[in-house]
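Protein chains: 2
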Amino acid sequence: MEQTDIKKVRLEEKFDLFADRWNPKIVGEINDSYVKLVKLKGEFVWHHHEAEDELFLVVKGSLLIKLRDRDIRLEEGEFVIIPRGVEHLPVADEEAHVLLLEPKTTLNTGEVQNERTVAVLERI
Amino acid sequence: MEQTDIKKVRLEEKFDLFADRWNPKIVGEINDSYVKLVKLKGEFVWHHHEAEDELFLVVKGSLLIKLRDRDIRLEEGEFVIIPRGVEHLPVADEEAHVLLLEPKTTLNTGEVQNERTVAVLERI
Chain A
124 MEQTDIKKVR
134 LEEKFDLFAD
144 RWNPKIVGEI
154 NDSYVKLVKL
164 KGEFVWHHHE
174 AEDELFLVVK
184 GSLLIKLRDR
194 DIRLEEGEFV
204 IIPRGVEHLP
214 VADEEAHVLL
224 LEPKTTLNTG
234 EVQNERTVAV
244 LERI
Chain B
124 MEQTDIKKVR
134 LEEKFDLFAD
144 RWNPKIVGEI
154 NDSYVKLVKL
164 KGEFVWHHHE
174 AEDELFLVVK
184 GSLLIKLRDR
194 DIRLEEGEFV
204 IIPRGVEHLP
214 VADEEAHVLL
224 LEPKTTLNTG
234 EVQNERTVAV
244 LERI
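Line order of the protein sequences matches chains A and B.
Note that my numbering has the first sequence beginning at 124, numbered continuously upward.
Note that my numbering has the second sequence beginning at 124, numbered continuously upward.
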């Protein structure tokens, strides 16, 4: 990569570029992973990722991550790493702005493929 | 990993746990990478990482990343990914709190080994 391609990313500015929910955008590429931003509101689908750990960092709002045995509530400035194989269900009562970090191979709905699946992600 | 091992991380709380600078602490493990927190003040050493991209996210304060051809100033809520092979020099006039993401194999001083090198990182 040319040094001139190195650009900083201002999270707030990137979140201002889109309004759609549950549709992660790529904002960075690091080793074998993408940094993604997503706006969430409502309930997603239960899923897991067979071979990939996934990081959720709340940038704005509040996010509930349901696990099968308990819930984890994330507020602004908090993150959690959901290890591979662990079923989870993200839920946001109000719109939450979330930074995701996960391998390039990760599909948002994990092992589930349905109308919530976004196979090709936009870069912003 | 057992589901009971999944713990959220509150960044502010973790930064309160240490005061030493230039000594990254591991706060998360994700795939082949660590999430680390570090407090920086002053100037580091010019270095690069041969095979590893490195992410710097400023959580508090301001961080200057000098490249050989220009400078990138990061404020709170901004990140940059320094691609493998690119020489960089982090500089902080005032103490900055920074989240790092990099492969487990990454040494803080890259190809340089000197008194600033921290080979074994603490987990907090």
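Check each hint, because a few of them may be wrong.
These stretches of chain B come out as covered by chain A in the derived footprint (C-beta under 8 Å, 3 or more residues) [claimed, not checked]: (1) 150-159; (2) 162-172; (3) 230-243.
Straight-line C-alpha distance at most 35 Å; calculated DSBU-like pairs for lysine-lysine [stated by the list, open to error]: (4) B:Lys189 x A:Lys130; (5) A:Lys162 x B:Lys137; (6) A:Lys227 x A:Lys162; (7) B:Lys162 x A:Lys162; (8) B:Lys162 x A:Lys130; (9) B:Lys189 x A:Lys164; (10) B:Lys189 x A:Lys183; (11) A:Lys162 x B:Lys189; (12) B:Lys131 x B:Lys164; (13) B:Lys130 x A:Lys131; (14) A:Lys137 x B:Lys131; (15) A:Lys162 x B:Lys130; (16) A:Lys189 x B:Lys130; (17) A:Lys164 x A:Lys131; (18) A:Lys189 x B:Lys189; (19) A:Lys164 x B:Lys164; (20) A:Lys227 x A:Lys137; (21) B:Lys130 x A:Lys137; (22) B:Lys130 x B:Lys227; (23) A:Lys227 x A:Lys164; (24) A:Lys189 x B:Lys164.
Treat the hints as calculated values from the structure; they're not laboratory data.
Ideal Cβ positions, reconstructed from N, Cα and C, are used throughout, including at glycine.
Compare the structure with the hints numbered earlier in the document and write down the numbers of the violated ones, lowest to highest. 2, 3, 9, 18, 19, 24
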